[in-house]
Amino acid sequence: MKAVAATCDAPALVTLTGDGTAFTGETVAVPGGPLTAETAPATLATMAALIGRHPALFPGDVYGYAVILPGERVAFAADRRGITHHILLSGTATEPVRRDRWGAINDGLTAMINAAH
0 MKAVAATCDA
10 PALVTLTGDG
20 TAFTGETVAV
30 PGGPLTAETA
40 PATLATMAAL
50 IGRHPALFPG
60 DVYGYAVILP
70 GERVAFAADR
80 RGITHHILLS
90 GTATEPVRRD
100 RWGAINDGLT
110 AMINAAH
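In numbering that gives the first Met the number 0, the protein residues as written are 0 to 116.
Honestly, the hints are just simulated from the structure, not real lab data.
Accuracy of the hints is not assured; some may be wrong.
Claimed, not checked - Here are the computed distance ranges between Cβ atoms for each label pair:
| hint | residue 1 | residue 2 | range |
| --- | --- | --- | --- |
| 1 | Ile82 | Ala44 | 19 to 25 Å |
| 2 | Gly32 | Pro95 | 19 to 25 Å |
| 3 | Lys1 | Val27 | 17 to 23 Å |
| 4 | Pro58 | Asp99 | 29 to 35 Å |
| 5 | Thr23 | Pro54 | 17 to 23 Å |
| 6 | Ala92 | Asn113 | 29 to 35 Å |
| 7 | His53 | Asp8 | 28 to 34 Å |
| 8 | Arg97 | Lys1 | 19 to 25 Å |
As the list claims (entries may be wrong) - Computed cross-link-like contacts, SDA-like style, restricted to lysine to any residue with a CA-CA straight-line distance of at most 20 Å:
| hint | residue 1 | residue 2 |
| --- | --- | --- |
| 9 | Lys1 | His116 |
| 10 | Lys1 | Asp18 |
| 11 | Lys1 | Ala115 |
All C-beta atoms, glycine included, are put in the ideal place defined by N, C-alpha and C.
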């Protein structure tokens, strides 16, 4: 996760693939244009609805999804086991830290995982 975050200069949605012990992360395009910290909760809700209608968007090799907010130096992930992760990234925040939206981002990631079931 931190390796993918190191390549991000803007907020990103990441698909995590792997076997439960080793993972690869790949940033993905989102509907409606570039992801921002402000639009992340609504974008994740849209993605959850898409996954609910098209479960093939959550194939067996997808272990979870993550959102990287490089300006706030944090990332969030939700995995197939239903666990959410809050990951602190190294470096100094270049944007104000907005903890008030972190819960909504975790909820959106969890909704994406749950939509496929």
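Tested hints:
Separated by about 20 Å at the C-beta atoms, isoleucine 82 and alanine 44 satisfy the suggested range of 19 to 25 Å. Roughly 22 Å separates the CB atoms of glycine 32 and proline 95, a value that falls within the hinted 19 to 25 Å. Between lysine 1 and valine 27, the C-beta spacing of about 18 Å keeps the proposed range 17 to 23 Å intact. Look at proline 58 against aspartate 99: about 33 Å separates their beta carbons, and that is inside 29 to 35 Å.
Look at threonine 23 against proline 54: about 21 Å separates their beta carbons, and that is inside 17 to 23 Å. At roughly 30 Å, the beta-carbon separation of alanine 92 and asparagine 113 lies within the given 29 to 35 Å, and the hint holds. In this structure, histidine 53 and aspartate 8 meet the distance hint of 28 to 34 Å, their C-beta atoms being roughly 30 Å apart. Look at arginine 97 against lysine 1: about 21 Å separates their beta carbons, and that is inside 19 to 25 Å.
A C-alpha spacing of about 28 Å is found between lysine 1 and histidine 116, which places the hinted pair above 20 Å, so the restraint is violated. The straight-line distance between the Cα atoms of lysine 1 and aspartate 18 is roughly 18 Å, inside the 20 Å bound, and the hint therefore holds. A C-alpha spacing of about 26 Å is found between lysine 1 and alanine 115, which places the hinted pair above 20 Å, so the restraint is violated.
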